[in-house]
Amino acid sequence: MRYRTRILIDKLFKGIFKTTGFLVLALLGGIFAMLVYNSVSFFLDIKPLDFITGMEWAPTAKVPKYGMLPLIISTTFVTLGAMIIAIPLGIGTAAFISEYAGKRLKNILKPAIEMLAAIPSVVIGFLGIVVVSPGIANMADLPNGLNALNGAILLAIMALPTIITVAEDAIHAVPNAYKEASYGVGATKWQTLRKVIIPAAAPGIIAAVMLGVGRAIGETMTVLMATGNASLIPSGMFDSVKTMTATIAIEMGEVPYQTTHYYALYAIATVLFFMTLFANLVGEFFINRFRKYHAV
Amino acid sequence: MKKLLVVIGLFSFFACSKNSSVKMKGSDTEVNLAVNLAEKYTEMNKDFSIAISGGGSGLGITSLLNGQADIANSSRPLSDEEIEQFKNKGIEIKTVVFAEDATAFIVHKELPLDEIDLETLGKILDGKIKNWSEITSKNLPINIYGRQSSSGTHSFVKKKLKIEFSNAAKEMTGNAQIIEGVKADKSGIGYVGAGYVAHDPAANTAIKILKIKEKPTSVAYSPIDANTINSSLYFFQRPLYQFVLAESWEKVKPFIDFEKSEKGKKMIEEHGYYIIEDK
Amino acid sequence: MQYKTNKLSSVIEWGTLLSTTLIVCFFLIVIIWEIVSKGASSLSWEFISKVPSEGMTKGGILTPIIGTVLLTLITALFAIPFGVCCAIYLNEYAENNWLTRTIRASIRNLSGVPSIIYGLFGLALFVQALQFGTSLIAAGLTLGLLSLPYIITTTEEALKRIPNSTREAALAVGATKFETIKDVVLPSAMSGILTGVVLTLSRAAGETAPILFTGAAFYINGSTGYINQEFMALPYHLYMLSTQHQSIDQVRPIAYGTALVLVIVVFLLNLTAFYIRYKYRKNEN
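Taken in sequence, the protein lines are chains F, X and A. Taking the numbering used here as reference, the numbering of the first sequence is continuous, increasing by one, and the terminal residue is 296. Taking the numbering used here as reference, the numbering of the second sequence is continuous, increasing by one, and the terminal residue is 279. Taking the numbering used here as reference, the numbering of the third sequence is continuous, increasing by one, and the terminal residue is 285.
Keep in mind the hints are simulated off the structure, nothing from the lab. Mixed in with the good hints, there may be bad ones.
Said to hold, decoys possible - In the PhoX-like style, the derived pairs of lysine-lysine whose C-alpha atoms are separated by at most 20 Å in a straight line are:
(1) A:Lys38 <-> F:Lys18
(2) X:Lys94 <-> X:Lys138
(3) F:Lys14 <-> A:Lys177
(4) F:Lys189 <-> A:Lys7
(5) A:Lys38 <-> A:Lys58
(6) A:Lys177 <-> F:Lys195
(7) X:Lys109 <-> X:Lys128
(8) X:Lys186 <-> X:Lys211
(9) X:Lys160 <-> X:Lys123
(10) A:Lys279 <-> F:Lys106
(11) F:Lys18 <-> A:Lys177
Required output: the full structure, derived from the provided sequences and hints.
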C-alpha cells in the first residue's frame, strides 16, 4: 500500500515538473504571440516600410506620423556611445583582474563588480539627473545635461559588469599551455596578453560585448530619466534623444487600448524584442565557441 | 515547514482585498493638489482610501476607459473622439470642475522679454522662429521645454494656438522638470501650470512669467493676477476637470464634497489655482 | 629583436590596465559616495516608519517600503516553486532531445528580454485579460515572470553540482525518483538554490519598468498591502520624486534617502547571497 502511494506521488510530481517545463515554453510563446498579434494589428493600418523608414514619430499630431527611424537611431546612438566607453574599460579591467591582480585584489575586485551590477537602474538614472547632468552641462557649457551623452555614460556603467564578468571568464579560461608557450619564446606579459591571450579569448570577449549590447538596448529607466526625450533624429551626442524603450514607457499609459497608437507601441516593442534577441543569440553563439577551450 | 506556514499566514493577512478604495489618475497639473487634499481629507475620515497617480490627463481619461480608475483628473475637456469611445463602451461619466488654472509661459530671468503676443508664441513653439535674436537682443537658439503628448496642458496649448509642436521640443515628464530646465537654461522657454510656479517661491528667483497679449498691440495679461483670472481675461486659462465614473459616484462623492468645502477651496487657492464661483 | 624586456614599457602597460580598472572602481565609489553622503541625512527611524505626508515633502517612506516588501514576497511565492520545479524537470527528468533543447533556449532568450516587455506582457495578461486590474498581485506576478529565467538557471546549476552517485545511492536503497529529489538532492543543493533566489529577489526589488503599468501609484493615503489595490514602491517612488514631483528641490533629500534605502536593501540581499555562497563553498571543501 505504502509502496503504491509512493509510486503515485512519484508519478504525480513527475507530471508537475514536466508541466512547468512546458509552461516556460508557453511563456516565451505568449510574449511572442502578444507582440506579433498587436504588431500585425498595427501593420494593417500602417505600411511596414513607412514605419521603419519614416522620419517622424508624432502619433498625436493631427496627421499622426508613425516613423520609427528617430527612435531606432536614438537607441543606436546611446548604445554605441555606451559601448565606446564600456568596451575598452571592460576588457581592460577583465584583463587586469585575470592576469595581473593578485589573489587578495581579486577577492576585492570581483565582489565590487557584482555590487556595481546590483545597483538598480532607477538609482543610476537618478544619479544621471543629479550628478552627470550638471557635470556635462558645466563642461560643455550647455543649459542642461539631459542628452545622449548622459545616457551613454549611464548605460556604460550598467553594461560594464556584464562585459567584465564574461570577458574575465573568457580570459581566465585560456589554457596555461598557451601562456607558457608564449613566455617560452620570450614574449613579455603584455605581448602575450595582446597577441596570444586576447585573440584566444576573442569568442568569449565578443560574447561579453554582445551581452552588454543586449543589456544596453533593453534598458528603460536610465534612459527615460536622463536623455531628455525629444523625438528627433539626433545630430550629435549633446542632443536630447528618445529611445525605443523610453517611448514605450512614456506613451503606454496614455493610449486607450486597441487603438493604432497602442498597436504602434507594441510594434516598437517587437522590434526591440528582435534586436535584443539578435544580440543575445550572437553572444550565445560566441560563448559556445569559447567553451571549446574548456575541452583543451 | 513551519517557516512556510508563517509566510503564508503573513501573506493572507495582507491578501485581503478591498473594494471601496478609490483610484485617481491623470493630470500632473492637478496631482500634487489632489495628494494634499487627500491627505487632509483622510485626517477627517479615516476610512477613506485612495490611490493617486499622475501621468497626464490623457492617461487619466484612458484609465477611465480601460476600467483602471474611478476618477480622472484632467486639465482639458474630453475630445470628441474620447466622448465617442466612452459612448461605444457604454461608460457613463460625471464631470466636476474643481478649480480654474492658468498656463504660464516661463523663460529664464535674464531673457530680455516680458510680454509676447500669440502669433509670435505660436511660431516659437512650432519651430518657425528658431532663435531669440528674431525677437529680442539675445542671440541664442531657442530651447523648448514641453510636456509629453499625454499631458492635458500640452493639448491645451496646442489647441489654443492652433499649432503642432516642433519636433525639437523636449518632452519633460512633469511640470517640475520643465521649471528645472528653464531655471538652468538662459535660452529656454516652457509652459507650466501657474499653480506650480506660484507655489514654488524658489522658482521665481530664476525664471519669469511672460505676460500674454492677443495681438502685438493688445493689453498684456499675467496669469498670476487674480483679477485677470476672475474676469477670464487671460488667454490660457481653463477649468480643471475631474471625470468620475457614474458607477463610482457614491464612493467618490464624500471626497468631491470635501474639495468643494471651505477647507478644500482654501487649499486649492493656496496651491495657486483659482476658484471661479459658479457662474 | 625585441627580447630585451623594457621595464618602462611593461610598467606602462600594467598602468594602462590598472587605470581602466580604477576608472570602473571610481564609478562604483562615486555612486556609493553620492548616495550615502546625501542620503544619510534623511535616514532616521522616522523615515522608515512613517508614511509620506504634506504632499510627500515630509514624513517617511513607510508605504513604499511595505509595497516593495510585499511585491518581493509575491514574486518569491510565485517564481520559486515554478522555477525550482522547472529546473528539477530539466536536470532530473528531461531527455536530451529537441524539445528539451527548445525549452533551454527559451529560458536563455527569456532572460535577455527587456524588462519593459515583461511589463507590457503583465499588462496584457494580468491587468487586462485576467482582469486583476492595476494591483499588487498583477505587478507581483509580472515581476515573478521576470525572475523566472534567472531562478531556473541558477537552480539548475546548483542541481548539476550534486554528483550522480548520490542519486544512485538513494535509488539503490529503494527511494522513488521523487523521494530522491525531495530528500537527497534538494537539501544538498539548497545553498546554491538559495543564493540564486536571493540574488534574483534583490533584482526584482529594484525593478521599475515592469510595475509602471501594472499597479504602482504616486500616492496611497492610508493602509496599503491589499493585493487587489495599487501600491507604492521604492524604485517607483524614487522615479517620481526625481522627475514628477512639484517641489523637486524640497523633495530632493527624500529622493536621496529613498535611493539610499533601496541601495541598502539590495546590498543586504546581495551580501546574504554572498554569505550563503561562501558557507556553501566552505562546506564543500
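Practice prompt. Would you list, in rising numerical order, the hints stated earlier that this structure does not obey?
Written response: Hints 1, 2, 6 and 7 are the ones this structure does not satisfy, whereas the remaining hints hold.
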